[in-house]
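Here's the letter readout for the chains.
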Amino acid sequence: MMQMNVQLLISAVILGLSMSGVYFLLTVGLSLCYGLMRMISLDQFFYYALGAYMVYTIRTLTGSFWLGVGGAILTTLVVAFIIERLINKRVYSKPVMFSMILTFGVYLMGVGLIKYIWGLTPKPVASPIGGSLNLFGTGVPGYRVFVILLAVVVYFAVQFFLNKTIVGTAIRAGIDDAEKVEVLGNNISRLFTITFIIAAALSALAGAIHAPFVMVSPEMGMSITAFAFMVVIIGGLGSIKGTMVSALIVGQVVSLGALIWAPLAEMAPFLVMMIILLIKPTGLYGSKYAGRA
Amino acid sequence: MPNIVEVKNLNAAYGQSKVLFDISLAIKPNERVSIVGRNGAGKTTLLKCMAGLLTPTNGSVVFNGMELGQKPPYEVARMGLKYIDQDKHVFLDLTVRENLQLSSYATNDYDWDKVFAHFPKLKILIDRKGAYLSGGERQMLMIGRAILGDPKVLLIDEPTEGLAPSIVDDLVTTFHELSKDCAILTVGQNLSFVSRVAERIYAMKEGKLVAEVTDEAEIKANSYSCYL
Amino acid sequence: MKRFLTSSTGIIIVFVLLFLLKGVLPAAFLTEVVIYSIYAMGCSFLIGRLGLTSFGQPAFLAFGAYGAGIYLYYFGTNSYVAILVGVLASLLINMLVGTFLVRLNSSYFTLCNQAFCVVTFFLFQKALVKWTFGDNGLLLISRMKPTPVIDLTTTNGIYLFAFLVAIGVWLFFNYLLKKSVFGATCLCVKDNEQKLRFLGYNTFNIKWLAFVIANTVAGLAGALYTVYFCMVNANIANVSSASEAVAISMLGGAGTLFGPLVGSFLFIGLKDIVSQFISHWEVLVGFLLIVVMLAGQKGIVGSLEDFFAKQKSEGTPQTPALTEEGGL
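Chains as they are written, first to last, in my numbering: chain A, 1 to 293; chain B, 1001 to 1228; chain C, 2001 to 2328.
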């Protein structure tokens, strides 16, 4: 009996970690966009769904999941670039509310188009890594471990990009004060575009690797919003480290909560978020800049 | 000698409230000019219009023979018209090195020796984060990163605000040295500083230029304060 | 023209005219328009007057709807009481939720609000499934008895009643927007909350009260909705429909008096017409939102108001601060 419980616990923790991986990939873009452009980019959830659908399509056509992930990222880069240049760039200087409603419009349009192209029926995507690992006597699906590792790699890659490259330095400076970056002679609107398409590509990656866990459906973006929002809020908008920490928290709360009582999976992180906000209204790592409306 | 900057009949407004009325001024190369005026006279607005951060309602800014028009601020900066804000805000999360790198990256000028020639202290502080610099050090860094790319004009908003008197003395020397390479336009209310730095002074009141003082004796005597 | 429209008589005349449209347009359509406009009124108020975007409105609709539904299913048969119970239930929940949400700045508010909507959906769909029957919902048609004065179980009865309620709501908001100090302080919160605090106002109380008022009105719409459809299921809280309230508000003009009415008339009209031709009509909603946001964010009524204001004051400059950002 005891043995059984430990096994359950281990697999729940691994499940939670892999959820954290997906949440992190999805929210790091939201957080970057907020930090630099002071916008809340709800269309990230469209890129997330688009990533999942591209994986499904390319996998069905070519049989390769990894080709699908690459294709998903490339397609999203192009789509996000077009959307950013045509629509999103017009609201950067406006209050956050404008960008929220506008990008929500983009999201709705995108999801509508997905419904036209792929229909309403949920599509399955088989896991590309079949085997399972033995961890303390518990069988853990290999793909989950892969997702966890991927998220770790992306975290360090993002940290490296922000801290060691000149574009990353410019982004960190812009999070502090975008106007000052511009008066030094840096093309800020190009910086915004780069940040936005990186964010969109990460969202698409999140959707692509999440696809084998869930059925790919047009509403999949909407069904993950609540968790994504809880992650960015608990971590504090605009902080990458905060996003990582709170993705870990939310992932564990979801999977361990579900172990206790199934509906807790959705409710428990919300309660955690409320408690954290009561103590610190800008989230765990929220900077003072998050206080600006 | 032709003027490096010419502002012609510049008008600006925030929404419906007008701030600048028909401002015209000119700056020659390597000249040190100051605009003095009380709070709310429109000095900062004028500088921001010149740097491309605000779009004037009408009028024009001509820099180095070229109409700036609707050029975005980064292009204005790359052309050699650099704006230094009054809030002494360096990027808090970035080290001095990274602050300088950003400016070098924008202007393709990696010659930091001239920065260290003016501000040797920055060389010592090179790996310190912006958040841990003092007000004077921040001002050094702001000017230091602005002179990368060999600007022809520096627009400096309230350079002495919040600085200790000894640092203000250093700034006077610095400005004299800098003007060997570029023209400097400062705006501010610190009249004693202005009279030690400026070769020519514009007085500004309620969005209009009310006087121009060119006489050295008058500048030394602070006699333009009657226009404020 | 504008002054007449925003007087009490003006409001009543507008609704009477709309009521008489019943001969031309189907009653079901008009009833839906009126209920939706009450629903959108709260959202429009929050966006236009307080600067708080609420993508979580379905949650507040759901509390009113379930308040009425649970009363009818388990306790009583009177639709009047059901609506009252729905409003009270939503009032209590809003008072509680408001204390948490209103402290946050506008970005965090929106995100938490939407998260709250998802949680509410799961609450009704899964956690309370024993009592709410989740997606199947509560079927009330056999439980509702005819009511005195206006019989709410008939199509005509609920139609008339919805109109009466709407007139009440409009008169109330007209007072709130145009004549009360509270309405003015709300605008100040949107403009510069800190300055208002320096003036000695407790902005938390203002925002809290505005939040409770706006969302209780949404709850009222929810209760009407239950009585009108004689059923309620978890889908009412579905976050996918969160766009509707925001789209209606923005389309009509957020913060304007008749914006929600014009918005829902157009919105539901378009929905009915367009969904005959194309199956996934959210493309159109998304498109409209983008157009409204890029075209000045003022919506139809907001733009008309500006137009008339300009006609009236030919040559004289407009008051700056408010018209500048007036639409939103």
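Hint data in this document are derived by calculation from the structure and do not stem from the laboratory.
Please read these numbers as outputs of a predicted model, since none were measured by experiment.
Just to be clear, a hint being listed does not mean it is correct.
Which residues of chain C face chain A? A partial, calculated answer using Cβ under 8 Å [to be verified]: (1) Gly2051; (2) Arg2103; (3) Leu2111; (4) Cys2112; (5) Val2119; (6) Ser2180; (7) Val2181; (8) Cys2188; (9) Asp2191; (10) Leu2196.
Distance condition first, Cα-Cα at most 20 Å in a straight line; then the derived SDA-like pairs of lysine to any residue [unchecked claim]: (11) A:Lys241 with A:Phe160; (12) A:Lys115 with C:Met2231; (13) B:Lys1114 with B:Phe1175; (14) A:Lys115 with C:Val2283; (15) A:Lys89 with C:Ala2295; (16) C:Lys2195 with A:Lys115; (17) B:Lys1205 with B:Thr1044; (18) C:Lys2126 with A:Gly168; (19) A:Lys241 with A:Ser223; (20) A:Lys94 with C:Val2291; (21) A:Lys94 with C:Leu2294; (22) B:Lys1129 with A:Gly168; (23) B:Lys1114 with B:Asp1150.
Derived coverage of chain C by chain A (criterion: at least 3 residues anywhere in the stretch with Cβ under 8 Å from a Cβ of chain A; other residues may be distant) [claimed, not checked]: (24) 2068 to 2080; (25) 2123 to 2132; (26) 2238 to 2246.
Even glycine gets a Cβ: it sits at the ideal position worked out from N, Cα and C.
Each hint, compared with the structure:
no.	hint	result
1	Gly2051	holds (6 Å)
2	Arg2103	holds (6 Å)
3	Leu2111	holds (4 Å)
4	Cys2112	holds (6 Å)
5	Val2119	holds (5 Å)
6	Ser2180	violated (24 Å)
7	Val2181	violated (23 Å)
8	Cys2188	violated (14 Å)
9	Asp2191	violated (11 Å)
10	Leu2196	violated (13 Å)
11	A:Lys241 with A:Phe160	holds (13 Å)
12	A:Lys115 with C:Met2231	violated (28 Å)
13	B:Lys1114 with B:Phe1175	holds (14 Å)
14	A:Lys115 with C:Val2283	holds (10 Å)
15	A:Lys89 with C:Ala2295	holds (14 Å)
16	C:Lys2195 with A:Lys115	violated (47 Å)
17	B:Lys1205 with B:Thr1044	holds (12 Å)
18	C:Lys2126 with A:Gly168	violated (44 Å)
19	A:Lys241 with A:Ser223	violated (24 Å)
20	A:Lys94 with C:Val2291	holds (16 Å)
21	A:Lys94 with C:Leu2294	holds (11 Å)
22	B:Lys1129 with A:Gly168	holds (16 Å)
23	B:Lys1114 with B:Asp1150	holds (10 Å)
24	2068 to 2080	violated (count 0)
25	2123 to 2132	holds (count 3)
26	2238 to 2246	holds (count 4)
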